[in-house]
Structure formats: C-alpha cells, structure tokens
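Letter by letter, the chains look like this.
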Amino acid sequence: MEAITLNALTKVYGKEKTVAVNEVSFAVEKGELFGLIGPDGAGKTSIFRMLTTVLLPDGGSATVNGFDVEKDYKQIRSSVGYMPGKFSLYPDLSIEENLNFFATVFNTTVAENYDLIRDIYVQIEPFKKRRAGKLSGGMKQKLALCCALIHKPTVLFLDEPTTGVDPVSRKEFWEMLKRLKAQNITIVVSTPYMDEAALCDRIALMQDGKILSIDAPENISKAYPDSLFAVRADHMYALLNNLARYEKTLNSYAFGEYAHVALQSGIDEAVESAALKSWLESAGLKDVEVQPATPDIEDCFIRLATVHQAAVIK
Amino acid sequence: MRTIKFLLQKEFRQIFRNKSILAIIAVMPVVQLAIMPLAADYEVKNINLSVVDHDHSTYSQELVSKITASGYFRLMAYSSSFKEAMQGIESDQADIVLEIPAGFEKNLIREDEQKLFIAVNAINGTKANLGGAYVNQIIRAYNQDIRLELVQPTRMNPIPVIEITATNWFNPSMNYKVFMVPGILAILVTMVGGFLSALNIVREKEVGTIEQINVTPIKKYHFILGKLIPFWILGNVVFTVGMLVSYLLYGIVPLGNMGVLYSFIAVYLLAVLGLGLLVSTFCETQQQAMLIMFFLMMIFILMGGLFTPIESMPEWAKVVSSFNPVTYLISVMRLVILKGSGFRDILSHLGIIASFAVVLNTWAILNYRKTT
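These protein sequence lines map, in sequence, to chains V and U.
Going by my numbering, the first residue of the first sequence is number 1323, and it counts up by one from there.
Going by my numbering, the first residue of the second sequence is number 19, and it counts up by one from there.
The set of hints was computed from the structure by calculation and includes no laboratory data.
None of the values given here were measured: they were computed from a predicted structure.
Any given hint might turn out to be false.
Unchecked claim - Derived PhoX-like pairs (lysine-lysine); straight-line CA-CA distance at most 20 angstroms: (1) V/1393 - U/238; (2) U/63 - U/145; (3) V/1408 - U/195; (4) V/1393 - U/388; (5) U/195 - U/145; (6) U/37 - V/1456; (7) U/223 - V/1408; (8) U/237 - V/1393; (9) U/223 - U/237; (10) V/1451 - U/37; (11) V/1456 - V/1352; (12) U/223 - V/1462; (13) V/1396 - U/238; (14) V/1474 - V/1352; (15) U/238 - U/223; (16) U/133 - U/84; (17) V/1352 - V/1503; (18) V/1396 - U/237; (19) V/1408 - V/1462; (20) V/1396 - U/388.
Only chain U is shown next, with the shape it has when bound in the complex (with noise of 0.2 angstroms):
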C-alpha cells in the first residue's frame, strides 16, 4: 500500500508539471465541446441550385422560389439548357439541377399532370441524399397547394388517403447537438483514458527509467495500479468537465441519473485504460505507441455509432463494432442523457465493458515483463 501511495505522488506530480497534459485535459474537453457540436451537423444547408426553366410560366415561377424559400438551397444559376446546367454541376458550382419542361403549366392544368427532372452531384452522398429529399419533400408539398386550387375539395376524400402525423420522442425537436455532444463526450474520455496512459508507460520505456524501476522490488502490479489510478481519476475529471461544458454551452441536462453514468464510466475506463496498457507493452517509443492509438481510434470513432448509425452497417462492420468499447459508452450516454434510462436498462452494456476490462487488463499484465 505504502509503495503505492508513493508511486501515485509520483505519478501526480509528474502529470502536473507536464503542462501540456494539463492542457489537454483542461482544454481539450471545452474547445472540443464548444466546437465540433456546431461544426459537425447533420442538417445539410447551402445546397447550390441551379434552375432550367423551359416553362418560363407562374407556376415554374412558383415552384422555384417556394425552393429557394425553405433556407436549404441557394439559387446559383438559371441555365437556358440542361447541357448548360449540367457543366455547372461539372465545375462544382451547383449541387442540384431541376429541370422544367416547356408547357409544365398548360400540361399540369389541362392534362392534370407533369414531369419533372432532378439531376444531384452524388460526390457528397449525405448531401446528394438530404438534398434530393428536400426538393422531393418542397415538389409533393406545392403538388398539395395546386391540388388545393384546382380541385373542388369534397367532404370525403375520392380515393382514400392515408395521412401521416409523426411525433419525435426523447428529442423533440430533432435537435442534433443533444444527439452529437454525448457521442463527442464519449470520445474525448476514451482519447484520454487510452492515449495518456499508452504514452505514459511507453515514454518511462523511451527514456529509460523503467530499467531503473525493473530493477527494483516493485510488484508488477503496484506499477501497473500506479499508472492505471492517476488515469482514471483524470478520465472521471475530463467526464465531468465535459459534462459541465455541455451543461453550459447546451443546456444538457441528463434526464437519467447522473450515478449512473458515473458508475458506467468508473468501469469503462478500466478498459480503456487497459487497452493504453496493452498498446504500451507492444511499444518501444512514443511514436509506435501514438500511431497505433491512432489507428484504433480512428476505427473507434467511425464504427461507434457516432456519426452513422450501427443498425446501417454491413453485417461483418456489426462485429467489428461490437467489439469497439466507444459503441457502447455512446450508446449508454445517449441512452442516459436523451432518455433517461436507469441502472436495469444499460446492465448488459456494463456487462460487455466489464468483460472488456477484465481481458484487456489480463493480457497487458501477462504481456507486461520486468525481464527480457
């Protein structure tokens, strides 16, 4: 105990006279908070429109600024041909192209009926989607005005209709920073659970002192306890600071019981931790050590559910996915924050981080030598 004890005053005060950890742990959460929430949106906004009206009528008249009246679309270009338009698209100047055909007013009219062509640069595919919909959404909604004028509405519809009134629950107002600043709070606990501990070790190794400490009767364990505790205890403040962050900056009040978040942490990272442990053991220098935490954090970050949703991917990236802890520790941030569930609901994913823990921590212990 008492070797312990030392090793943690050891710890701490190398950790604060590192101003650059420090930093990272004071900073990194704020700036991370305060930025990528607003930066990383899923709305996509600004789409360049460019309009071929063969029509030249009121109607295409219409129909156009009722677009460029929902906010998503900016009217780049009014193109006399399609070929025109379509080198607009080409040049990267315009992301949609909506063609209207000559007589679009006289034919919908007269023959109650007309075409139109939507062509979308799919280079950008979430933009090329969304931005696909919303004109699709703004055309069905000025269909039901025409029908509205044109039509004489009788009491009962001639063919039946199915109407549809859609409520969203837990986020009412599919307001998305609620949805990414948990998920964003999840990333940053793992970068410094992970990175701070895989780099401390491994800088011990790169400069030499673990020969020292090799040689002495430290207790394997008591030196793997003296690295796990500070990092932990600077996980669970990065949690917190980041939770007063979104507090501030969003209004984000978890709607579950904060223990419970604080207990599923408590355990994630001691399996975050013993991944940084792990990592460390295979890793001669800083750099190795860096480039790895790298790699498995860029695959942490993309198949954990943060941007795109797990239920959406291929079969095989399922598996990978559930075998990367982010997904989890999102999973039950959202679930807690957004929802409000409690201890019962998150039990299984405590159950997998737990296990995750467990293992993790054996191997790096069994790959740990004081020996080569």
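So here's chain V without its partners, still in its complex pose (with noise of 0.2 angstroms):
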C-alpha cells in the first residue's frame, strides 16, 4: 500500500511567480525509506511542508496515509511526525519538558511510546536538565527526532536532519532510521549530501522543483549510461581545464583528490583511458593517472543536472 502519494503537486511563490515545485508526482511505499536528494532551491522543503499540511498546494494533490493534505488535514496532523530542517523547539525549555510537551499536545504521553524512542532518548537522557537552546547540534537533532516519534507516527517527515551536525552523529543518525524503519515507520527524508542518498531504499533526485529520477539508490547508479573514470595528475586545475577541453569529454568536475570525467560510451575502457592518458600528457600535465570508476549518485545526479540545465536553456 502507498503511505504517500503526490499528483503533479505544484507550488508558486510570489508575484514573480517562482514555481518552487513543478507538478511533481511519485508515490512512496508503506515502510519505505524514500530519500529527497537535491541542491539548496531544489524545491525539497516546499514538499514537506505540504504534505504536512502547513502549506497549501498551487495544484495537483497529495496524500499522506490517504488523507488528502488539504481536505483532511486534520488525520494527518495527528498521525505524521515532523522534523523541520530549522531547530524549532522551545530553546528556554530543557529536553524533558520539551520531549513532555509535544506528549502532551498529541494527546500521548512519554511512557506511553518510549520504547520507540529509547535508542534515542538514552543518548540524550544524561542532559534532560539542560536547556533545548544549549545543546550540541547532534543532541539537537536527537531531541528533535524524539518529539517527532513521541507520538508514534506512522509517517515521518525529516527535512534535512543531518546539515550541519557532524559526520560521527550524522551516520549515527542514519542507523536510528534504519532501526525506526525496522518498526515499519515510513520515512521520507531529505538531504543535499550524495553519500547519505545510498542509505535510502529509494531516492528522488530533485533540482528546480523537477524530479530527474527516481529509483533505488543502486539502479541509479547502474542505469548511468557513460563510461566514467576518475583522473590525477599533478596540476589540478590545469587538469579541469584540460580535461573540459578534451573532445570527447560529456561532462568533467573535480571529485575529491580526482577529477571524474565522463567520457561518451561504446568503445573499450582500456583504450579509452589509455587514448586520454596519452592527450593529458601531451596537454603538458605530469604523473597523470586514469582509472575507471564506478558511477555513484553524486555522479548521477551531476549528469542528471546538466542535462536538465542544457534542456532548460534550450
């Protein structure tokens, strides 16, 4: 069965009619941990907020747990769970109160779903006392993840949980999803960062309020269609250069300490990279070093992106 369900939901901001979210339709599985990946701007929060009723559609609709997000706003307020992007708990009041409060307004009480949160809240619980305000941005999130569940939803909305919290708590907070998807909670949740989309058991890439593909994070990855490999040599920035001059080069960016360069497909790797090589050298550049790579997401989704650019300036 389908928790969420989206039909060519739309939104526009402004007189300058920005269109935020452009007739954006997919439908998310019970239980399933559904990723929104996509740049700053890419229209990810605009979703989330309509679909937890506190923002109202341009068009199309939506359902969550079959609701309809404008008609029965309020079934849906009492049965999802929401974690805006911005801290947005009481800052002058300590986690216990806070954790005690949203309890309360959901008709529930802390006892009641503590075993939902009990991985959680233990982590937290030696700062009960503490002031929400004080906190470290990991124990924010936790908190804010703890009064998200206290009322065990059956879908929770997590905007972008894991910007600005620190790599140790963010793959921390990765494993709590999992563990809460184990308890056939359906999460939906949104990040910019490529490596946590691997995580999902299926994403949305996203960018101008367009989806560019949905699938299992793997099949994304599988159906990358050029043949990409990964570059070093001994001038970075004469290599990016070099590289977007190279004929035929589809697409090249830096990737860490490698440039990743994709190449049109078709023709033996070892022969391509070895043809590369050679016009590299030739190019000036020392100790240059070609290796195939394997697509990832961010690989994806960089190719993803600029056919979407090239199709839009045409």
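Starting from two chains that each stand alone, build the complex the way the hints lay out.
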C-alpha cells in the first residue's frame, strides 16, 4: 500500500511566480525509507511543508496515509511526525520539558511510547535538565527526532536532519533511521548529501522543483549510461581545464582528490583511458593517472542536472 | 482542557525563565509610577522673566517683587530697553518680557489708568499660556490692592461687581498627581497586555517553534487561549502592583469600589490582548511587531486623554480617540478612583470595551492561520 502519493503537486511563490515545486508526482510505499535528494532551492522543503499540511499547494494533489493534504489535514496532523530543517523546539525549555510538552499536545505520554524513542533518548537523557537551546547540534537533532516520534507517527518527515551535524552524528542518525524503518514507520527524508542517498530504499533526485529521476540508489547508479573515469595529475586546475577541452568529454568535475570525467561510452575502456592519458600528457601534465570509476549517486546527479540544465537553456 | 493546561504550564515556565519579562513586570510599574508623575507636571514653574522698567518707581518695584514672590518666576534680567530684552528671548534666556512704561506710578495715581506690556515666548505653548496667565493674574491682584489703597471704600460698590468663588470637586487641592497616576497606570496595563502578547507569538514564528506547533493537532483556539490567559493574568498582576505603588507613594486610595475597577480591567485586558494577537498575525519578526506596537502606543498615549483633554480636540481627533481603548480605561480609572463612580456609571464604557474585545479577538482568530 502507498503511504504517500503526490499527483502533479505544484507550489508557486510570490509575485514573480517562482515555481518551487513543478508538477511533482511520485508515491512512497508503506515502510519505505524514501530520500529526496537535491541541492538547496530544489523544492524539497516546500514538498515537506505541503505534505505536512502547513503549506497549501497551488496545484495538483497529495495524500498521506490516504488522507488528502487539503481536506483531511486534521487526520494527517495527528498521524505524522515532522522534523523541520531548522531546529524548532523551545530553546528555553529543557529536553525533558520539550518532550513532555509534545507528548501532551498529541494526547499521549512519554511513558506510552517510550519503546520507540528509547534508543535515541538514552543518548541525550544524561542532559535531560539542560535547556534545548544549549545543546550541541547532534543532540538537538536527536531531541527533535524524539519529539517527532513521541506520538508514534506512521509517517515521519525529516527535512535535512543531518545538515550542520558532524560526520559521526550523521552516521548515528542514519542508523537510528534504519531501526525506525524496522518498526514499519514510513520515512521521507531530504538531504543535500549524496553519500546519504545510498542509505535510502529509493531516492528522488530533484532540481529546480522537478524530479530528475526516481529509483533505488543502486539502480540509478547502474543506469549511468556514459563511461566514467577518475583522473589524477600533478596540477588539478590545469587538469580540469584540459578535461573540459577534450573532444570526447561530456562532463568533467572535481571529485575529491580526483577529477571525474564522463566520456561517450561504447568503446573499450582500456583503449579509452590510454587515449585520454596520452592526450593529457601531450597537453603538458605530469604524473597522469587514469582509471575507470564506478558512478555513484553524485555522478548520476551531476549528469542529470547537466542534462536538465541544457534542456532548460534550450 | 488538558491541552490548555499543558500549554499554560509551558507558557508560564517560559515567562518565568525570561528574566527581562520578569523585570518588566516588576520594575516597570514601580519605576514609571515613581518617576513619571513627578516629571509630567502640569504646573509651570521657573518661568524666566525679563523686566524692562522705564519708571523705576516704588510702584513698579512693588509689582516686580509681587511677581517674583509668587514662586513661578525667576527674574533673569533687568533690561534697559525692550530691544535688549528681546535678545534675551531670542537666545532663550527669557520666557516673558514685562515692560513698564515711564511715568507708570505718576499716571496710575493721577489718571487712574495705566498700561503694561507683556511679550511671551510661545515656542512652548503650555509654558507661554500659563506663564502669561500667571502674570495677568498677579497684575490683577496688584491692581486690586492699589484700588483699596487709593479709593476710599464705600459701603456699596459704585458699579456692580460679580465676585467669583470656586471650589474644586473630586480633587479639592487640584493635585495633578492624583490625576496623572491613574492615567499612567492605564498606559502601563496597556503596554504589558499589548506588547508582551504580540511579541510572544511573533517570537514563536521567528524561532520556528510555530512550525512544529502547526503540524500538531493543537486546535487554533487552544493555542490562542494558551497565549491569552498568561498575559491576561500578568496584566492583572501589573495593575495590582501599580495600585499598590500608587497607594504607597502617593496615598491614592480609590473612592469607588475596587471590584468595579477589576471587572473593567478584566474586559479591557481581553481587548488589548486581542489587539496584540491581531498585530502578531500580521508580523513575521519581533522587530515588525515592535514597530507597529510603538506606532499604536504613541497614538494611544497622545490621543487617550492622558495629557490633553479629549473634549478640546478637533472633531476628527475625537473620532480617532473614540476608537482608542486607552481613552476608556483612563476615563474609567479617573472616574472610579477620583470620583468614586459605581458600576452603573461605567456601564457604557464597559460595553464599548467589550465590543472592542469581541471584534479584535474575532479578527485575530480569523486571521491566524496554521497553514500558509
């Protein structure tokens, strides 16, 4: 059964008619961990706010647990948990008070649903008397997650939960999400970090309010049509400039200590990399190293975004 | 009910943790009531007088000493010419110039008539008005004295004279403090009710907590009541503190029933809180709310009859002040505290304020959206 459906959902902002969400349609299965991946301004937060009934759509429709986001907002509000991107608990109340408060507004108690939050709460419990505003970034996120879970929601919306959180806490956070998924809670999470995308069951790559691709992360990687090479040389800047000039290059960009370059596929990889290497050496670069690379979500996203950009310009 | 209880619990926790709000509630009424009535004085004192005496006679000396002895004037300069005295006014050294013509004494005795000239610096209208009036009054009294001296009193006045004797009711000694303190207290109650409620809700918007509240099943009226009730209580606390301060500092005891005052304050606070709530629904940041409230408070204070009587305002201003809730509170405060009016006397005020409360709150609730 589908927990969430979007049907040509559209949101337009302001007098300039900025289209933040452009006829987006997709469905999320019950119990799925679904990721919305995209850069800032892609429309992720607008989708979240429409699904959690705090923002009215300008077109199309959406349902959560079978309830319409416009008509049945009351049922949705009592059955979903929402963790906004910006920390939005009371900074002048303590951990314990925030949690109790959100439990009571949902007509429940902390004790009733303690099982659900125990794993997360024990980590912040030693600080339960501390005011929420004085917590570290990671602890704030854990508390926000506890508050979003305290009424045992069937669908959980997490808007960029790991933005501004250290790598260790990020990793922990995703482990917590996996445990929640095991409790059969549908989770929709948005993130600008491509490495987190691989941890979702399915992801939607978004840009400019449009969905570029929806599939399981591994399928998206598999569907990468070009041949991708990781290249390294003594001089990164010159390397990038030269790669962009290479005639077979479709796309090239820095990728950590390497540069990734996508070439038209179809020819033998070894031949292709040898040709690229000798071309770069002839261009004056030293210590050139070319090896085939496995495309990950980031490569896929960059490819899709470039194609999308080209289509927009046309 | 349970939800409201927890909302209130949360709200009070936050209020008691906010040191600046506590300070405002405790310190504002005390300090403002202690200082403002002493400074906001209707009486004009220390008027700088410059005398141009062309006569230099006993009579002119006597007149000047009578004026300076009144306590309202400070003799700044004895000028030899009016021109010189005018320079004093121009350089802001003098407020009033009194010119005594040459032959003042001679003509007064011989021809029974003499003229004096007064020039008033009218930059400060109140000071000019009152200063001019004081001088006039003193000169008239002096005139009376001279008559008694020079004219042989007859059994009956040769010409019919109406003598006026006035008594001041409700404030016999014309103590302006008794008049100002209730008015200032009215402003204080308005500030606490209006400002704090508006800022509090906008703060939730600014911090982002309202986003979290909006996705919960909390009902609109729960949320609004959760905001109104704490500030309603605070408003009453400030009023009580203010009444105590005005008793301790100025010995002001209401002539009327305290119950009447409290029941009016109860309704009045609803109206002011409704206004704060309404402002908050239009604002996104505390700064915006603050500026709007300042704008409104200026109008409320200046057009509420605190300093200047509404009856002397132009027609359009009377219309504006009839939409000013502070007008009614100041009026009721003075009626009950000074005049001892009862419940029946303030019924029309109460009705108007009640309708303000209904309109403002309904408007605010309609304008408050959990969804954007």
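Now for the hints, and whether the structure bears them out:
1. V/1393 - U/238: At roughly 17 angstroms apart (the allowed maximum being 20 angstroms), residue 238 of chain U and residue 1393 of chain V satisfy the hint.
2. U/63 - U/145: The hint holds at about 9 angstroms.
3. V/1408 - U/195: 52 angstroms, violated
4. V/1393 - U/388: OK: residue 1393 of chain V and residue 388 of chain U at ~14 angstroms, within 20 angstroms.
5. U/195 - U/145: 19 angstroms, holds
6. U/37 - V/1456: 17 angstroms, holds
7. U/223 - V/1408: Judged against 20 angstroms, a Cα distance of about 12 angstroms means the pair holds.
8. U/237 - V/1393: 16 angstroms, holds
9. U/223 - U/237: 17 angstroms, holds
10. V/1451 - U/37: 19 angstroms, holds
11. V/1456 - V/1352: Cα-Cα ~36 angstroms, so violated.
12. U/223 - V/1462: 19 angstroms, holds
13. V/1396 - U/238: 12 angstroms, holds
14. V/1474 - V/1352: 15 angstroms, holds
15. U/238 - U/223: 15 angstroms, holds
16. U/133 - U/84: Roughly 17 angstroms between the alpha carbons, so the hint for residue 133 of chain U and residue 84 of chain U holds.
17. V/1352 - V/1503: It holds: about 10 angstroms lies between the C-alpha atoms, which stays within 20 angstroms.
18. V/1396 - U/237: Within the cut-off at roughly 10 angstroms; holds.
19. V/1408 - V/1462: Holds, because 10 angstroms separates the two Cα atoms, which is no more than 20 angstroms.
20. V/1396 - U/388: 11 angstroms, holds
Of the numbered hints stated above, those contradicted by the structure are hints 3, 11, listed in ascending order.
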